[in-house]
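We have chain A; now place chain B onto it with these hints.
Order-wise, the sequence lines are chains A and B. Quick note on the working numbering: the first sequence kicks off at 1095 and runs consecutively. Quick note on the working numbering: the second sequence kicks off at 1065 and runs consecutively.
Simulated from the structure, these hints should not be mistaken for lab results. Even glycine gets a Cβ: it sits at the ideal position worked out from N, Cα and C. Careful, some of the hints might be misleading.
[Unchecked claim] Partial list, computed: chain B residues near chain A (C-beta under 7 Å): (1) Asp-1177; (2) Glu-1179; (3) Asp-1238; (4) Phe-1240; (5) Ala-1291.
Residue-level listing of the chains:
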Amino acid sequence: MRSAKAQSWFAILALAGASAGIVAAAVTVDDTIAVRAEKQVSVGPAAQSEIDRHFEEAWQANQVSPAELADDLIVLRRASLALHGTVPSLEEIRIYEADERPDRLRIRIRAMLDDSRFADYFAERLARPWVGVSTDPFLIYRRDRFTRWLAKELRENRPYDAIARAVLSTDGLWTSEPAANFVTSAVANDDLDENVLTARTVRGFLGQRIDCAQCHDHPFANWKQTEFQGLAAFFGQSAVSFQGVVDQPRMFENALEYKIENPETKAEQVIAPGVPFLKECLPVDGSRRDRLAAWITDPRNERFSRAAVNRVWGLMFGRPYIAPVDDLPDPGDVSTVLLDRLGAAFRDSGYDLRWLIETIILSRPFRASSSLDGADDDEYQKAAEHWAVFPMTRLRPEQVIGAMIQAGRLQTIDQNSNLLARSIRFFREQDFVGEYGDVGEAELDARSGTVSQALLRMNGKLTRELFEAGPFSAAGRLANLTENDSRLVELCFLVTLARRPTREEHQHFLTLVEGTQKESQARATEDMLWSLVNSAEFSWNH
Amino acid sequence: MHRLIQSAFTGNRRSWMFSAAGAGLSFLLPPLTGRAAERRGPERSKSLLTIWLQGGPSQLETWDPHPGGPTGGPTQAIKTTIPGVKIADLYPRTAEAIHPLSVIRSLVSKEGDHERGTYHLRTGYRPDPSVRHPSIGSMLVHERPAKGLELPPHVALDGGQWPPRGGFLGDEYDAFRVGNPGGSIANATSSLSEDRQKRRLEGLNVLERGFAVGRPTAERKTLHRKATDDALALMTSDQLKAFEIEDEPADVKAAYGDDRFGKSCLVARRLIETGVRAVEVTLDGFDSHTNNFEVHRDKATILDPALAALLKDLESRDLLASTVVLVLGEFGRTPKINPFDGRDHWPNGFPCLLGGGGLASGRVIGATDPAGVKDPERPVPVADLFATILAALDLDPTKELMSPIGRPLKLSEGLPVNELLPS
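Excised from the complex, chain A in its bound form (with noise of 0.2 Å):
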């Protein structure tokens, strides 16, 4: 009711934004429709500004005086880090700061978004909230499939409710029907467990917690009991066959049911499938969790659209617009204006995941600083709150490695990079998530380093490896290649942070390699890139 307005601009941004999607994807291919392009785009940026406005309205009523603009750099490494899972390449950073069009963020977004780096990285991210991080049981599940099947799905931009659908209700085996492995995942002690395939389907789709009422009623919100042994009854008839996951098999004579003892009684009680809300959204046909995937996905389900808006800001920013990610207050709360508009423009966009990824990072939040001049603690404090300064997280493992690979190169390492390039990527990658700790399902909390952490960046053979100055690295192609002193520092901040250093920083570092040569130049240049990837900024988002 009261976001009815509210959601038509949105929805004009949704059809600008797609249309303009078309058009940009030409522009690299012929410079007559660039001019076009150029004038239709321009209608993006006109809608954008009704997202600032939310935020400027808010930071005006709540007197915060936001950030300035970041860096375009840093702005393009947050986008890369959020969507590549790495750091732009020195190769990157040149090819975008020589584009002069004034809409090149846009025009690198989509470059960015079409690259196979970005479904399969963002595959993992999605991937975490509805089918965990194990791999067991492994004769069941097969975790590497389900990711694959989802970055395919995320290469061919498939809606987001088509990929939800798939996800809840497929059928089959867990290798030749790979979204299968979303209901083998929660195989426990033998058995298929409802309760975790309910608690994970309202969590990630609908960004509820409703698993808090499996044992009570919720404390907090309005979750039942019962409602939740409704929805998980929807899994109810759900088996693991010889034939892979199937409703309501043959095998089994008597119907298969989800039940609960009676806690007085003490006898077994069958439970039917119910939904707490939108009860007109449920079809009557169907599988049960076809049915429950209808109802889900349902255009009128407005928690199933802000959810993903949640999940895919909290991507982009390494923190979502509300934590946790999947306790979201009820549609219409003050809190969530922005979820819900922007939720029902996703929809709008035909949950168009790219549409909604480059809307956020061309946000004005994406692209404020993560510094504020002169603020104090409670000052920042209350900026971040609301998204006044852009928020400082923590990389993931796979970030960080990803980061140092690409720092140690300075040409992009992608498929067309060369098998050696590649294959240190995907080797090195698991060793050293392995051992710097993965952070797991709850990968959005805040998190904060520890000892191992430091002792492999600091000494580890990779960073030794990696930032040595050879023929290939960048440590040794920046040594020998540069011309001038003041040159090398510039690009060894280019290639690591992504940025050029202050003026500070450029005099220290200049004293440094200033009058070394060959082999002293070498060891110089090693150890500024070590300072450099050593430093917080390296291994936080900002």
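Same frame as chain A, but now just chain B:
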């Protein structure tokens, strides 16, 4: 106010502590400061040493044999230094050294999966999608910071697939993992000249200063500098020698066993002695779905000498009063022997060894049915085991910690096993 604190911690400190201890309020005592290595007996602050038997050891082939029955298999029972208590004949040396410990034979859990069971037996809580519980070692380190210690306060030797983690307390409470027990610590040495090391750290300082501008909370939030400083302190610390066993006498090394696990146990003793709060040593490979008896015989040749040597060593160094020793895995194994001569997962009645740290010794809690049909007598839920350990560590099990979602969680929801508590 200031003077009051002064008097509590200086002139009157000992008497105040003794009265607190006498009133059963020992968990209210301040942690002891100073170098732990120089302290002995009950005056040391408490540590936890866990021997983790990954894979689920069979109760029948360890601390709860039932020879002669339908489930006993070829395993025999032998007498121990605890009157009336017999253990499997695969453990002759442990049988001679077991008296500082007690045996709980009736642990009950509902988790029969390795990963879930490991979570349960590391934290005292069952897996719960809404919160990640801290391991008990992390709780101890969180509640009792180890002052004067330059080593990581929480260490896992050969930590295996699921090492102990800090859970909602934060990654800084994760166990520091050591993959090469007895050798030098990975990544703790730098081959650089002092000049270059200095140059690198100076560069780091310049960058940190720049990053702090306009980000007043940066350092407090990232703890980056702290982690770097701790790493540097570790790299240059004399205490690092605790990880190395080269200089240990040959007979000591031989007694523990010249294998990874034996070395790990010897390192564990050295770490405890240096003041490390929580140490876990893993022996993997108990998942005996096939050839149960062979598997357990092999494991026993490794575990038996090391465990016996460890207990004797702790005793002779007067470290037992301050060290809670716990020997357990994630569950037991089925009394029924399967067609592959193996035993499967069995969380309904399995044992652990527990003692030290002032806990009662030489007790037996609970009993299992030799036929494996009836439920165990005097069942001990896993949460109760954890409450007992926490109490022995002078921590109040009912103390609540605030989880990130604002939900207060007790250290343990169990009740201590009274028969084992310090009398």
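Results for each hint:
1. About 5 Å separates the beta-carbon of B:Asp-1177 from the nearest beta-carbon of chain A, less than 7 Å, and the hint is met.
2. Nearest Cβ of chain A to the Cβ of B:Glu-1179: about 6 Å, under the 7 Å cut. The hint holds.
3. Residue-level restraint check for B:Asp-1238 holds (minimum Cβ-Cβ distance to chain A is 6 Å; threshold 7 Å).
4. A distance limit of 7 Å between C-beta atoms decides the matter here; for B:Phe-1240 the minimum to chain A is near 6 Å, and the interface restraint holds.
5. For the restraint placing B:Ala-1291 at the interface with chain A, the shortest Cβ-Cβ distance is roughly 4 Å, inside the 7 Å limit, so the hint holds.
Of the numbered hints given earlier, the model fails none.
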